[in-house]
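Q: The listed protein sequences correspond, in order, to chains A and B.
Mapping of the first sequence onto my numbering: position 65 corresponds to residue 65, and the numbering continues sequentially without gaps.
Mapping of the second sequence onto my numbering: position 60 corresponds to residue 60, and the numbering continues sequentially without gaps.
Since the hints were derived computationally from the structure, they do not count as laboratory data.
All C-beta atoms, glycine included, are put in the ideal place defined by N, C-alpha and C.
Do not take every clue at face value.
Residues from chain A that face chain B, not an exhaustive set, calculated with beta carbons under 10 Å [stated by the list, open to error]:
hint, residue
1, THR53
2, VAL62
3, TRP64
4, GLY123
5, PRO125
6, ASP137
7, PHE138
8, ARG182
9, SER183
10, SER184
11, ASN359
Beyond 12 Å from chain A on every Cβ pair, some chain B residues (computed) [stated by the list, open to error]:
hint, residue
12, ASN31
13, PRO37
14, ARG43
15, ARG50
16, GLY57
17, VAL62
18, PRO84
19, VAL85
20, GLU124
21, GLN134
22, THR137
23, THR172
24, GLU206
25, ASP207
26, ARG209
27, GLY218
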Amino acid sequence: MQLRPALTERDINRDLLRPVLATPIWFYFLLGGLAIGVCTAIGGFAWAVNHGTGVYGINRPVMWGFLLVNFVFWVGISHAGVMLSAILRLSNAEWRRPATRAAEVLTIFALGTAALHPVFHTGRPWRIYWSMPPGYDFGRGIWPDVRSPFVWDPTAISTYLTGTTLFVILLLIPDLAVLRDRSSGLMQKVYGFLSMGWKGNTRQWKLQIIAGFLLSALILPVFVSVHSIVSWDFAVQIAVEGWHATIFAPYFVIGAVHSGVAGVISVLALLRWMFRWENYIRDDHFDALARLMIVVATAWFYFLVIEFFLGIYPAEEPEISLRTLQVFEWPFNATFIVFLLMGYFVPVPLWLFRRVRQNVALMFWTTLMVNIGMWLERFIIIIPSLMRKQPLTFSWGSYNPSPIELILVAGSFCLVFLGVLTFSKFFPIIPLADAKEGVALETHVRVGKVMVPAAYREE
Amino acid sequence: MAVERKWGMAVDADKCTGCQACVVACQSENNIPVNEPDHFLQRRAIQWIRIERYWEGEFPDVRARFVPMLCQHCENAPCESVCPVFATYHNNEGLNVQVYNRCIGTRFCANNDPWNVRFFNFWEPVWPETLRNQLNTDVSVRSRGIMEKCTFCIQRIRRTTRDAGLEGREVTDGDVVPACVQACPTNALVFGDLNDHDSQVAHLREDGRQYRILDHLGTEPSVYYMAKIDPYAAEGEHA
């Protein structure tokens with residue numbers, strides 16, 4: 001732990017509630033810019049609905065394009081929330097404190113955005129409720145086909161979304177009470193309603209902590225299942241060489257954790273830079289997260305290598321031809337090199353140095369790199385495999401994304417950041433209660449001539 | 001009709017000349033929009049049956065090979081199990097059928113179709129004014145955003161079965177003739193009931209030249225191909 005100014009509860013309230021109670025003016029310009037991006041994407045989708053799915057770049061062999069790549073990407077990002085929040089909470093990791101809520105909020109918005117992609121993607125989006133849990137068409141006596149991963153997907157995603165939202169709301173209650181006491185007028189009524197009569201007495205705290213632990217434990221299996229199910233969208237398909245690897249489920253889960261934790265680090269670095277939270281999101285938090293990233297990235301890399309190896313091991317001609325396309329043929333050879341460098345070979349060796357791990361700007365750029373790499377990973381898995389589904393060369397094809405698809409992909413990024421920023425306008429995105437608990441549990445140890453803060457592990 | 005049929009087709013690659021008559025017949029029978037060159041360039045042409053052309057050998061000893069490719073109506077169809085809304089399912093006559101107004105257009109079935117014989121309507125279909133009156137009234141025109149595929153001319157199967165029922169007789173082999181089979185000038189395509197052991201298609205299934213495309217996937221296709229007899233082929237290259 002590093003030397004840092006001692007924080008009082010008053011400091012914590014003032015600093016962490018600053019975006020809520022005294023929003024800086026540039027914040028609104030930022031929101032406006034992102035909202036324009038989102039509106040453009042809505043326009044793009046309206047265009048697609050009006051003119052037909054033909055406005056996308058998809059074609060006969062490549063029936064799934066950028067939208068599915070982006071869907072998998074956002075589901076992957078959404079894995080960070082529970083990974084950080086639940087696992088670190090259950091294991092009592094002290095350094096989780098500032099990161100948990102940002103991670104959960106990123107989960108909610110990334111998952112919600114991911115859930116929009118199937119809507120963009122289908123040919124008749126106005127009928128998509130036939131495949132989603134609340135909209136099953138029981139009125140006509142027709143059930144959804146439970147053998148299809150596209151029925152599992154909405155089920156898993158809605159479970160995960162519900163669970164994470166409950167988790168966030170539950171952990172937000174004490175902070176909402178703080179806001180209720182510091183706001184006036186309409187907002188006070190809203191915060192008062194949302195804080196559900198929180199008084200901060202011992203019984204309430206006890207219930208809240210128990211509920212937090214229970215939800216953490218309950219949500220972990222969902223966290224594993226969601227991305228496994230997303231991988232089964234691909235793995236169940238016998239028709240596509242290169243997709244029916246049995247390793248897909250754990251490979252996708254670990255890949256999701258890889259991109260998700262990287263996403264959280266990027267968001268934390270941004271928040272720290274925007275709201276000057278150097279005393280809360282400290283260098284040693286980045287240090288700890290980067291150490292976690294090294295482990296996760298290496299585990300993911302192992303799965304990547306195994307997946308490739310198992311693919312080429314039987315030396316079957318269709319699979320070999322697909323892997324050749326993925327690795328050696330233009331433009332995928334360039335994509336593949338960029339993907340390997342950005343996803344693993346540049347960031348991980350950098351993180352081995354403490355100076356990099358504790359440099360927020362470098363952490364921001366390296367984690368951004370990881371996510372570019374991980375986006376390309378999904379691209380490399382989905383597109384080339386569809387281009388060479390089977391050895392019937394007559395039906396081999398190619399794919400070029402259309403402008404509408406690019407707009408929708410860009411719009412999805414705007415939507416997620418708009419969501420996270422809007423959240424930070426109305427709710428504290430670093431948990432006040434957790435920060436105060438951290439301060440309360442803090443002790444000091446003498447190192448040489450100075451007293452250095454050292455955190456206890458809670459029992 | 002309590003008869004459990006299993007419709008199937010035999011395609012004799014040796015007789016196929018690649019004339020594309022089946023393709024044109026299918027287009028006009030099944031209300032498939034006209035495929036303009038753009039549709040082919042975009043790889044969005046809809047052809048329920050197509051002639052796949054492969055080149056064999058090295059120049060100058062090159063030979064063209066034609067494979068008529070249509071929906072294989074698999075017993076164990078991979079496209080059926082991935083549809084979230086049961087828009088495609090297997091009926092009791094061995095047909096893999098597509099319910100147009102149930103389809104939501106996830107294109108999952110098209111991805112999980114090894115033969116690439118499922119087609120997506122990227123745009124609302126349009127016909128030139130001169131072809132408006134040519135549309136087949138027995139076949140629904142598909143709207144955009146849904147999948148479509150070869151039905152083995154189910155409208156002809158239904159009509160023949162109904163007519164036979166009215167006349168009080170059984171449907172016999174050769175009664176049902178899909179458009180492609182009807183149009184084939186060399187009789188390379190044979191259609192019939194695989195469960196009827198006396199049918200022509202059931203006999204062809206026993207033929208020594210018989211094979212099924214991508215049989216190793218275990219989907220049990222109902223379309224049987226008869227290998228090309230090639231006197232010039234190297235020893236053991238062809239059956």
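Q: Confirm or reject each hint.
A: Outcome of the hint check:
With 10 Å as the threshold, the beta carbon of THR53 of chain A comes within range of chain B, its nearest partner Cβ sitting at about 5 Å, so the hint holds. Taking 10 Å as the C-beta contact cut-off toward chain B, the hint placing VAL62 of chain A at the interface holds, the least distance being around 8 Å. At about 6 Å, the closest approach between the beta carbon of TRP64 of chain A and any beta carbon in chain B falls short of 10 Å, and the interface hint on this residue holds. Taking 10 Å as the C-beta cut-off, the interface hint given for GLY123 of chain A holds, the closest approach to chain B being about 2 Å.
With its C-beta approaching chain B no nearer than about 8 Å, PRO125 of chain A sits inside the 10 Å limit, and its interface hint holds. Proximity of ASP137 of chain A to chain B holds as hinted, the smallest CB-CB distance being about 8 Å (cut-off 10 Å). With its C-beta approaching chain B no nearer than about 13 Å, PHE138 of chain A sits outside the 10 Å limit, and its interface hint is violated. With a cut of 10 Å, the hint placing ARG182 of chain A at the interface with chain B is violated, because the nearest CB-to-CB distance is about 48 Å.
A hinted interface residue such as SER183 of chain A counts as satisfied when its beta carbon comes closer than 10 Å to some beta carbon of chain B; here the least separation is about 45 Å, so the hint is violated. This hint is violated: SER184 of chain A has a C-beta 49 Å from the nearest C-beta of chain B, more than the 10 Å allowed. Restraint check, ASN359 of chain A versus chain B: the minimum CB separation of about 44 Å is more than 10 Å; hint violated. Remark: the non-interface label on ASN31 of chain B is consistent with the geometry, its nearest Cβ contact in chain A lying 18 Å away (cut-off 12 Å).
For PRO37 of chain B, the condition that its CB be more than 12 Å from all CB atoms of chain A holds, with the nearest at approximately 15 Å. Annotated as non-interface, ARG43 of chain B brings its C-beta within 12 Å of a C-beta of chain A; the closest such distance is 4 Å. Not every C-beta of chain A lies more than 12 Å from that of ARG50 of chain B, the closest at about 8 Å, which undercuts listing it as non-interface. At the 12 Å boundary, the C-beta of GLY57 of chain B stays outside the reach of chain A, the nearest C-beta of that chain being 15 Å off.
Residue placement check: VAL62 of chain B keeps its beta carbon more than 12 Å from all beta carbons of chain A (closest about 15 Å). Distance check on PRO84 of chain B: its Cβ comes as close as 4 Å (rounded) to a Cβ of chain A, failing to clear the 12 Å threshold; non-interface status is violated. At the 12 Å boundary, the C-beta of VAL85 of chain B falls inside the reach of chain A, the nearest C-beta of that chain being 5 Å off. With a cut of 12 Å on Cβ distances, GLU124 of chain B falls inside the contact zone with chain A, its closest approach being about 6 Å.
Consistency note on GLN134 of chain B: stated as away from chain A, and its beta-carbon is indeed over 12 Å from all of that chain's, at 23 Å minimum. No Cβ of chain A comes within 12 Å of the Cβ of THR137 of chain B; the nearest lies about 24 Å off, and the non-interface call holds. Taking the minimum C-beta to C-beta distance to chain A, about 35 Å, the non-interface status of THR172 of chain B holds against the 12 Å cut. Consistency note on GLU206 of chain B: stated as away from chain A, and its beta-carbon is indeed over 12 Å from all of that chain's, at 26 Å minimum.
Listed as outside the interface, ASP207 of chain B is consistent with that label: its C-beta sits roughly 23 Å from the nearest C-beta of chain A, beyond the 12 Å cut-off. Every C-beta of chain A lies more than 12 Å from that of ARG209 of chain B, the closest at about 20 Å, which supports listing it as non-interface. With a minimum CB-CB distance of about 8 Å to chain A, GLY218 of chain B fails to clear the 12 Å threshold, and the non-interface call is violated.
The structure shown violates the earlier hints numbered 7, 8, 9, 10, 11, 14, 15, 18, 19, 20 and 27.
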